[in-house]
Amino acid sequence: MDDELDNFRLETRAWLEANCPSEMRDGAKGEDAICWGGRNWVFSCEAQKLWLERMAAKGWTVPTWPQAYGGAGLTRAQDKILTEEMQSMGARLPLQSFGIWMLGPALLHFGTHEQKLAYLPPIARGEIRWCQGYSEPGAGSDLASVQTRADIDGDSYVVNGQKVWTSYADKADWIFALVRTDRDAPKHKGISFILIDMTTPGVSTRPIRLISGQSPFCETFFDDVRTPRAQRVGEENRGWDVAKYLLNHEREMISGGGGGLLGGRPLGAMLAATEGGLTDATLRAEAVACEVDTLAMALTLERYKDQAETTEIGDASAMLKYAGTELNKRRYELMMKVRGADALRWDEGDAEDWLRTKANSIEGGTSEVMLSIISRRVLGLPG
Amino acid sequence: MSLLPTEDEIMLADTARGFLDAAAPVSHLRGLRDAGMTHDPALWAEMVAMGWAGVLVPEAQGGADMGHAAAGVLAREMGQTLVSSPFLSTAVMAATALRQVANTRANDALRQIADGTRIYALALDEAAKHDPAKTELQAEADGNGFRLTGAKTFVVDGGFADRVLVLARTTGGLTLFDLPTDRKGITRKTQAMIDSRDAVDLDFDAVSATGDDVLGHVDDAMTVLAPALHAGQAALAAEMTGLAARALAMTVGYLKERKQFGVPIGAFQALQHRAAHLWSETEITSSAILNAGRVLDSGDDATLAVSLAKARATQTAQLAVQEGVQMHGGIGMTDAFDMGFYMKRARVSAEWLGDYSYHAERVARLRGF
Chain A
0 MDDELDNFRL
10 ETRAWLEANC
20 PSEMRDGAKG
30 EDAICWGGRN
40 WVFSCEAQKL
50 WLERMAAKGW
60 TVPTWPQAYG
70 GAGLTRAQDK
80 ILTEEMQSMG
90 ARLPLQSFGI
100 WMLGPALLHF
110 GTHEQKLAYL
120 PPIARGEIRW
130 CQGYSEPGAG
140 SDLASVQTRA
150 DIDGDSYVVN
160 GQKVWTSYAD
170 KADWIFALVR
180 TDRDAPKHKG
190 ISFILIDMTT
200 PGVSTRPIRL
210 ISGQSPFCET
220 FFDDVRTPRA
230 QRVGEENRGW
240 DVAKYLLNHE
250 REMISGGGGG
260 LLGGRPLGAM
270 LAATEGGLTD
280 ATLRAEAVAC
290 EVDTLAMALT
300 LERYKDQAET
310 TEIGDASAML
320 KYAGTELNKR
330 RYELMMKVRG
340 ADALRWDEGD
350 AEDWLRTKAN
360 SIEGGTSEVM
370 LSIISRRVLG
380 LPG
Chain B
0 MSLLPTEDEI
10 MLADTARGFL
20 DAAAPVSHLR
30 GLRDAGMTHD
40 PALWAEMVAM
50 GWAGVLVPEA
60 QGGADMGHAA
70 AGVLAREMGQ
80 TLVSSPFLST
90 AVMAATALRQ
100 VANTRANDAL
110 RQIADGTRIY
120 ALALDEAAKH
130 DPAKTELQAE
140 ADGNGFRLTG
150 AKTFVVDGGF
160 ADRVLVLART
170 TGGLTLFDLP
180 TDRKGITRKT
190 QAMIDSRDAV
200 DLDFDAVSAT
210 GDDVLGHVDD
220 AMTVLAPALH
230 AGQAALAAEM
240 TGLAARALAM
250 TVGYLKERKQ
260 FGVPIGAFQA
270 LQHRAAHLWS
280 ETEITSSAIL
290 NAGRVLDSGD
300 DATLAVSLAK
310 ARATQTAQLA
320 VQEGVQMHGG
330 IGMTDAFDMG
340 FYMKRARVSA
350 EWLGDYSYHA
360 ERVARLRGF
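Sequence lines, in order, name chains A and B. So the first sequence is numbered by numbering that gives the first Met the number 0: it starts at 0 and just counts up by one. So the second sequence is numbered by numbering that gives the first Met the number 0: it starts at 0 and just counts up by one.
Each hint should be verified, as a subset may be incorrect.
Cut-off 25 Å, straight-line C-alpha distance, at most; resulting in silico cross-link-like pairs (DMTMM-like, lysine to aspartate or glutamate) [claimed, not checked]:
1) K115/A x E126/A
2) K188/A x D152/A
3) K79/A x E6/B
4) K128/B x D279/A
5) K79/A x E8/B
6) K304/A x D7/B
7) K79/A x D300/B
8) K328/A x E360/B
9) K255/B x E367/A
10) K79/A x D296/B
11) K304/A x D299/B
12) K255/B x D314/A
13) K128/B x E285/A
14) K28/A x D78/A
15) K79/A x D299/B
16) K304/A x D296/B
17) K336/A x E360/B
18) K304/A x E8/B
19) K48/A x E30/A
20) K28/A x E347/A
21) K258/B x E367/A
22) K304/A x E6/B
23) K170/A x E52/A
24) K183/B x D107/B
25) K28/A x E351/A
26) K128/B x D354/B
Computed Cβ-Cβ distance ranges for the label pairs, DEER-style [unchecked claim]:
27) D130/B x N18/A: 51 to 57 Å
28) Q321/B x R38/A: 51 to 57 Å
29) E3/A x Q190/B: 55 to 61 Å
30) D161/B x E311/A: 48 to 54 Å
31) E6/B x S144/A: 43 to 49 Å
32) R8/A x Q190/B: 53 to 59 Å
33) R8/A x D33/B: 56 to 62 Å
34) G35/B x G379/A: 39 to 45 Å
35) A335/B x G379/A: 22 to 28 Å
36) Q99/B x E83/A: 28 to 34 Å
37) L343/A x D218/B: 51 to 57 Å
38) E6/B x G379/A: 24 to 30 Å
39) I9/B x T74/A: 20 to 26 Å
Keep in mind that the hints were calculated from the coordinates and are not lab data. Model, not experiment: these values are computed from the prediction. Built from N, CA and C at the ideal position, the CB exists for glycine as well.
Sequences are here, hints too, so could you generate the full structure?
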């Protein structure tokens, strides 16, 4: 077993060495270095395109997905090795997307074979970029009260309504959305989970300018949008099950920020690089405590990934999301304090990252919603 | 290296839990305290019979040699009911120190630890804060041997131990001595500790020691002591997570049971969120504990893993007992209720073998601060 893994590591290292273009080995993790893919994606350079194509052909954009759906069917142990080998050579991720993090896992669990074949390989190859249509102006923390309606008309749904906080909706090719298919049922029982091509007539988007100056989120409008009923995932009116499952994956994904790097830099390295070292005793003490918690969080993410090999993490993902995002906010607050006036200029980029983290504990379920989930479903408190 | 407990570890925890719930619930510690005692030799004899004293003793010396992760599993279960025993000082720390030496005398000592005929304490601290590097107790050369003069404090289990590992300053550094506690010139002064466990101050008045009393080599205490401290710190951290887990469980139980304004107080979001936050902290700390056990067993340098575990465990245990008392309200302040025992043990464990700052600072240095 260990021999097999050792062999896998050697083969992986050799393949990466032979196939990862040098431009893709700079360890860059910032927004500028991300390849999101999609119909309208403009590659930053030829190397980015080549890297995506080679990794996709190998199934390594989604290493643990089955081969039939564009993955490589790697075990968790193999996946871990692949990640380690990529990190040690500074290889960028070839592709990142909501398709990989959110829709993919939900389709693997709830999709029909036809749906998996239709939607998963294009995600794996970076050909289709997905966005998430969950929140609405009147449905934030109370997500199950979504009002966007999908009325049945023959083999189609006719969708009307508005979504908000749709990340990158203006750049996405398709959207997975929660829509109301039964207006009379209790709110959790009248929701369906459907897939809509963003080029369908009646779909429009409007970016929202945020405090960071960036517009990663949009409003998305549906005006008599006709979409086939075959594009529903899971049973009609049972979309809440799919939504919850996907949310758990989203929360695990968001929680990752708290255990990892800070703008691509470990905290200790960043502090060491601070002019004159970190001499302020109060700030240093804060940084030390933050480092302790960051290391413990990183181990916790590892432990839960190990656990996810055999059992669903389920409601405990609320803890990962809560703790990971609160920690990430704390880390960026600390970074701003340490960098002082140097971090106050927009062209430094730090302020943008810092402001962005404020959304971490809101998106995908607020910290307060997470605490309520833990309290009811993990601790069994009433309510 | 998986951070999940193995089948064996889960079984060991279940066995320990079953035994300790019957033999050493919190009422056992309360009984000892009320009787003016700090140690129950009969309980330790049962733990010895179960092989726990030999958890880190090699099989050749009659031990079970189960490793540090397993020692952590046992310590965690002991922490749940605040078991008072020399497990940490004797079975974890002294055994680990003796293993580093592994000469005939050390092997004899290991055999006696495993069969329960020898109990050790560690005499390290001399001031209010743990810091072995600041040791001042002098071991002056005296003919072929040494003469020890000075004082030690916070010697846990020192009141009933037969042997004591004493850290002393010698001309070229620090040296570790393995002495009988009744050696002429050693005076024990019992301290009434807040957690109702045993701890003494030791006074050394020109205590004679021979070269044979040195554990390891002269001027080189840390080769033997550092692994022992790491093992003890990791096991203590595990014990503290057991303490925190039980304090949390008691609190959650109370939130479901206690009614005010006509509803269980656990229906109030203010309390729900406090409890949920505490649970999150215990989960995150558990990862650091499991990691420390794994790294110690791997044989790699465990300093970072151990200090991370002790720092996190200290914070989490303190939070658990403070939230425990607050959410229990008035009853949490009464001596008749157990939460106070948890609070006092958490405070003592927070200081023993290095407090939060001591360990967080070690983490920071190793992380390039």
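Okay, the hints, checked on the actual structure:
For a cut-off of 25 Å, the pair hint linking K115/A to E126/A stands: about 15 Å separates their Cα positions. As the CA atoms of K188/A and D152/A are separated by approximately 20 Å, the hinted pair is consistent with the 25 Å bound. Annotation: proposed proximity of K79/A to E6/B holds, straight-line Cα distance about 22 Å (limit 25 Å). With a CA separation close to 23 Å, the supplied pair K128/B and D279/A stays within the 25 Å bound.
Our distance criterion of 25 Å between C-alpha atoms is met by K79/A and E8/B, whose separation comes to about 24 Å. The suggested pairing of K304/A with D7/B holds, with an alpha-carbon distance near 21 Å, which does not exceed 25 Å. Distance check on the hinted pair: K79/A and D300/B sit about 22 Å apart at the alpha-carbon level, within 25 Å; holds. In summary, the hint linking K328/A to E360/B is supported, as the alpha carbons are separated by about 22 Å, within the 25 Å threshold.
For the hint linking K255/B to E367/A, the alpha-carbon distance of about 20 Å falls within 25 Å, and the restraint holds. With a C-alpha separation of about 21 Å, the suggested pairing of K79/A with D296/B holds against the 25 Å cut-off. A hinted pair counts as satisfied when its Cα atoms are at most 25 Å apart, and K304/A with D299/B qualifies at roughly 23 Å. Simply put, K255/B and D314/A have alpha-carbon atoms about 20 Å apart, close enough for the 25 Å limit, and the pair holds.
Proximity of K128/B to E285/A is assessed by CA-CA distance (about 21 Å); at most 25 Å being required, the pair is judged to hold. Between K28/A and D78/A the alpha-carbon distance is near 19 Å, which keeps this suggested pair within the 25 Å criterion. Of the pairs offered as hints, the one joining K79/A and D299/B holds, with about 20 Å between alpha carbons and a cut-off of 25 Å not exceeded. Proximity of K304/A to D296/B is assessed by CA-CA distance (about 22 Å); at most 25 Å being required, the pair is judged to hold.
For the proposed pair K336/A and E360/B, the alpha carbon gap of about 20 Å is at most 25 Å, so the pair holds. With a C-alpha separation of about 20 Å, the suggested pair K304/A and E8/B falls inside the 25 Å cut-off, and the hint holds. Between the alpha carbons of K48/A and E30/A the distance comes to roughly 17 Å, so the proposed pair stays at or under 25 Å and holds. For the hint pairing K28/A with E347/A, the CA-to-CA distance comes to about 16 Å; that is within 25 Å, so the pair holds.
Simply put, K258/B and E367/A have alpha-carbon atoms about 24 Å apart, close enough for the 25 Å limit, and the pair holds. Taking the CA atoms of K304/A and E6/B, the gap is near 18 Å; set against the 25 Å cutoff, the hint holds. Between the alpha carbons of K170/A and E52/A the distance comes to roughly 21 Å, so the proposed pair stays at or under 25 Å and holds. Under the criterion of a C-alpha separation no larger than 25 Å, the hint pairing K183/B with D107/B is consistent with the structure, at around 23 Å.
Between K28/A and E351/A the CA atoms are separated by roughly 15 Å; this keeps the pair inside 25 Å, and the hint holds. The straight-line distance between the Cα atoms of K128/B and D354/B is roughly 8 Å, inside the 25 Å bound, and the hint therefore holds. Between D130/B and N18/A, the C-beta spacing of about 52 Å keeps the proposed range 51 to 57 Å intact. Against the hinted window of 51 to 57 Å, the Cβ-Cβ separation of Q321/B and R38/A comes to about 55 Å, which satisfies the hint.
Between E3/A and Q190/B the Cβ separation comes to about 57 Å, which falls inside the hinted range of 55 to 61 Å. In this structure, D161/B and E311/A meet the distance hint of 48 to 54 Å, their C-beta atoms being roughly 52 Å apart. In this structure the supplied range 43 to 49 Å holds for E6/B paired with S144/A, their Cβ-Cβ distance being about 45 Å. Checked against the given bound of 53 to 59 Å, the beta carbons of R8/A and Q190/B, roughly 54 Å apart, stay inside it.
Taking the beta carbon of each, R8/A and D33/B are about 60 Å apart, inside 56 to 62 Å as hinted. About 40 Å separates the C-beta atoms of G35/B and G379/A, a value consistent with the hinted range of 39 to 45 Å. At roughly 27 Å, the beta carbons of A335/B and G379/A sit within the given window of 22 to 28 Å. Under the hint 28 to 34 Å, the C-beta atoms of Q99/B and E83/A, about 32 Å apart, fit the expected range.
A hinted range of 51 to 57 Å holds for the C-beta pair L343/A and D218/B, which are about 53 Å apart. Checked against the hint of 24 to 30 Å, the C-beta distance between E6/B and G379/A comes to roughly 27 Å, which is consistent with it. For the hinted restraint 20 to 26 Å between I9/B and T74/A, the CB-CB distance of approximately 22 Å keeps it satisfied.
Violated hints for the displayed structure: none, as all numbered hints are satisfied.
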